[in-house]
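Asker: One-letter residues, chain by chain:
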Amino acid sequence: MSLWVDKYRPTSLQKLDFHLSQAQHLRNLVNQGDFPHLLFYGPSGAGKKTRIMALLRELYGQGVERLRMEQMTFTTPSNKKVDIMTVASNYHIEVNPSDAGIHDRIVVMELIKNSAQTHQLDTSGQREFKVILLTEVDRLSKDAQHALRRTMEKYVATCRIILCANSISQVIPAIKSRCLAIRVPAPSHQQIVAVLQNVCKKEGLSLPSELAEKIAQKSDRNVRRAILMCETCKVQQYPFTPDQNVMEPDWQIYLRETAKIILSEQSPKKLMDVRKRLYELLTHGIPTDIIFKGLLTELGKSCDMALKTKVAELAAKFEHQMHNGSKVIFHLEAFVASFMSLYLHYLEDSVGSSEPFLTLWGQHRRAEAVGAGASAVDASKDTKEAVTCRRPNACRPPPRAAMGKTHSWLNHGLCR
Amino acid sequence: MNATENGKCSRPRIWNLLSMQAFLKTGKISKDDAPKPTASTSGKEKAPKKPTPWVEKYRPRTVDDVVEQKEIVSVLKQCMAGADLPHLLFYGPPGTGKTSTIIAAARQLFGDMFRERILELNASDDRGIQIIRDKVKRFAQLTASNVRPDGKPCPPFKIIILDEADSMTHAAQAALRRTIEKETKTTRFCLICNYVSCIIPPLTSRCSKFRFKPLGEGMVRTRLEMICKEEKVQCEPEALKMVVETSGGDLRRAITTFQSCARLKAGEPITNQDVLEVTGIVPDEFINEIIESCKSNNYKEIENCVEKVMLEAYSASQILEQLHDQVVRSDVTNDMAKSLVAEKMAICNHRLQEGSSEFVQLIDLCCSMASIFQLHPFC
Amino acid sequence: MSWVQSKFTDFVVQPSKKRKFERSHESSSSNDDKTSNKPLKNSNCAEDKPKWRPRVKSDLVVNSKKVGEVESWLVYCKTREQPSILLLTGNPGCGKLTTLKVLCSELKINLIEWLPQVAQRKYDPEGGEYCQSLSSIFEEFIVRATRYSNILNAMSKRIVAVKDIPNCYLRDPVTFHEFLNKYARVHQVHLAFILTDGTKVRSLFPDHVKQSLNVHSVVFNPITLKGVKDTLKRLFPNKCHSYVDGISASCNGDLRKAITSFEFASKTGKLPSKKSKSSKSENDDKRDFLDIFHGLGRILYSKREKGKLVHDPVAVGESFFTSPDLFIGMLHENYLHTFSSIHDVAKAGDCLSSAEVLLDDMKDSSRTLSLTIASCGVMTNNSAPIKKFQQMNKPRKVVNVVSEFRARFSDSNVFLDVATYGRQIPSYAQENNEWLSRINELK
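Residue numbers (my numbering), protein chains in the order written: chain S, 8 to 423; chain R, 27 to 405; chain H, 2 to 444.
Please note that the accuracy of each hint is not assured.
Once the Cα atoms are required to be at most 25 Å apart in a straight line, the calculated DMTMM-like pairs of lysine to aspartate or glutamate come out as [what the hints assert, rightly or not]:
1. S:Lys88 <-> H:Asp165
2. R:Lys83 <-> S:Asp41
3. H:Lys398 <-> S:Glu264
4. S:Lys308 <-> S:Asp280
5. H:Lys395 <-> H:Glu432
Everything labelled a hint here was simulated from the structure, so no lab data went into it. Source: prediction; values computed, not measured.
The shape of chain S in the complex, shown without the other chains (with noise of 0.2 Å):
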């Protein structure tokens, strides 16, 4: 048995539940002799792929709901295999070309041309060219949004691509520009409740209209999650009484309470626990932009205006670094750190002495920021200027005594 948002997601574009004028307007554009690449953009459950397989089936007709599950392995150029999971019909293939890590550029390139070069496999389909649909464009490297661009181009005859992205900051121009963009905005509150009632009535379940609010309300404006909030909700409970409790993600609360934690006190023995709890999100595949907004949300909830723009500024600063990093645990408890720190500050400075700190600590960190150029990296060379002005002292050679003392910990450790 399948779940409610797979039974009744809409199969085609007259059936759409919401942003009907640009169902509309995609329906035009199928009807169209030339039919151009396309990217779709929005928040996560806004109805995506859901418009992108009604196009599909708009396109083509019912063949391309026949689909099959594809193991497809690339070969980079230092021999390295890489398996990638695709889902296809005949007339589209799908991928999600970040599954390959740093191999998406090989992925995405050998992938269209593989497409673009076998034939269409029936031949009576009405269109003269497959569709190629890569899912989470933004988290492809710069490296392969090139490439993407210059294969786009070099198979057009054969093939459109249609993208599908979270957000269009991290795409890149040169794409946006050779892609018709199509923004999906989260539906409205009204929308979902509406799009709630229509899956009760078809499961013949009646839905008190406060609960489908109180769904929608904690849904943060995502269909698909306030669908499977419903589905929950009945399995937990029916029938459905208005006040009924709904589900919240468990990673939500779980973030709630780790940010509780932090607020409870702070120190590094506090911190420690905190570092488990962040390894437990990673591990269980929490993406870190929801980590770094979930604690933001919610540390920011107990501070006052200015600290709050403190405490935004150091999440801005952490989680731009963790980009450019590879150890996501790395920034995450350095913001964590540095806000236990601040926070701290607050308190005491909120109780003892009437000096506002904070200006004083915000007029440092801003002297910094701009003769850094913002970037962290310079910051910490103050400490290594620090550091090697003390070198003189510190390269005296160390007394006897006090090395014997060392080591002799430090063998009791490696015994251990």
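Chain S is already provided as a structure; the job is to place chains R and H on it using the hints.
Answerer: What follows is chains R and H alone, placed relative to chain S:
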């Protein structure tokens, strides 16, 4: 396998590149699109006639048709009267007619055989040193006769157009330097770029430089109105005005936007809303709402506002751009505050480019703006 | 003028002093007649080590239990026809091949060694010149080694020792497994693989392969301090023993390194009587071979005397130039225990975060900078370190448990939502139990 591919590509390629270019500018293909794979040829014949990209359709045919670039046109005409061209370097913002000008000039010089006489390479072709050495050299070394097939005289040289030359590596540019000198007899080079500062000085000194100005709004407007009439597209005057405004003097962008709108609407009149949708521009009310929330200095409000804009799926970099215009142009705050805000925006934009989370960056920006507005109260 | 002359002595005349050195060495090791006749090549080159090789079992300083294990396998091989595989692993220089050689010669088993080769160009009359892959060369070698026996000792048992597994297998362990399977079916000879410790061992010989092919695995430990000392004293009975302690401490159980550095030290270090010199060289040695725990200790428990740091963080950082990611990873994993103030942690964390960003850049200069920022950041910012002992942990590797299931969904967000709620919906959970049950609850 490779060898045959290379051998084949010398002639059809020139031809291909033009239509490729067309696609490049518009994101779609023209009906005489070149690389038809053997497999689908049969299907292709049945297919209905496809609309040509308007950018191609309304490209100037002669140098005289080029709008707004009076000085360049007059200089070029003088050169062409002497049946010769210097090496050229065209620079200026996108969509101001750089490529169109050189192609129109080539058409006038060579007549029907102009496709054979030009080699066009743009940034999407591989343009490492090796390509410059091989491809450009090979093409440059082909001799060109001084008569057309129909007996009329024509200049005995070929033109190599290097589009988007500013994205060439410096090494490749250096390799070009020697080639330009060696092949002067038979070949003219035309370098096209947006920023002349990205071209190494030895190259600029070998070419006559022409700067293309952005087109005036009136010019873009007349052009669009002309297309409107030709294509029988209905368009609200408001929407037309918006297309013109958002194009920022980039005619290609204006025409492409216009055509995309027309395609989506399929006959119905184009409205303001459609233009916004296609260009991805954030409606002013959202921008104003963000600014208002910053002025309120209330975190909850800022957060709600950012969250809302993100859920509406507007791109953060677009928001940043528009916020910037709004703040810099507005007279609600003083110059000091403006410069501080601009600095923060630059930082946020940089971080966004490197893939940071839109939400976190926007929150940071808005909070900073709030505190800046707080420190520099409105006049 | 002496240095000009000495340039040629290697080829023409032996300087009397050097020769004396050599003679005395050779006299200490019994049967090295062949090499002593030849003109001396490069005396401190690793190739010369065979002369220090133990000849009899009693000379081995390897743990006797391990020796026993290898010996029992060899004895087993001698009696059985069925092929079997031995896998020897251990740090470099802990005597894996040496043990095997000694035991083989004692048991009169013919040991054939695979010598690493490069891919060869060959001429094929039909296809022109082609490149023979290393794997095919390797397979050919194994076939030859098993099929054709040496005329001189046709009757004795053979064992093929493979020390350098061809690179192509390291890159692609699956083909290696295929090769092993094929080998196990067809061939008759016993194979001994010798690998230094590392991740490769696990990928080349995963558990299921070990079981199915009946691989006998022996793990060698580093040679004990005492073992190294004894060997050095035995091999160089009349040399200055002032070095012995320092060198054996610094070699980390790598006997080969110990012998090389001892030989080198005894040649360069002028006279054993100069005590001051020797103690300094010992010190230098220590600095060079500062191991990761020492380094971490110096950084984490930053020692100060009169407000000044005892150890130079820059120098400590630089000594890990070859493995910056491990060092910084360990630093990050362990730094929290030694900090008492959260404000210090914030500063140190900031530095570590920056260091990690720099580490991602492959340039040498950024590596150094990264090490410096990390070590300085942690060391100088720790104003009041906690001096309590804590077990050092290795950096935790984030294994994303869900990544293998993620491929079922087009988008990670879809996956997240479905995984969160799918578990709550019995009908769905039942159907997809195989993967949903593998994702445990957040603790």
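Asker: So, for every hint listed, does it hold in this structure?
Answerer: Hint check results:
{"no.": "1", "hint": "S:Lys88 <-> H:Asp165", "result": "holds, 23 Å"}
{"no.": "2", "hint": "R:Lys83 <-> S:Asp41", "result": "holds, 16 Å"}
{"no.": "3", "hint": "H:Lys398 <-> S:Glu264", "result": "holds, 24 Å"}
{"no.": "4", "hint": "S:Lys308 <-> S:Asp280", "result": "holds, 21 Å"}
{"no.": "5", "hint": "H:Lys395 <-> H:Glu432", "result": "violated, 39 Å"}
Comparing the model with each earlier hint shows a violation of hint 5 alone; every other hint is respected.
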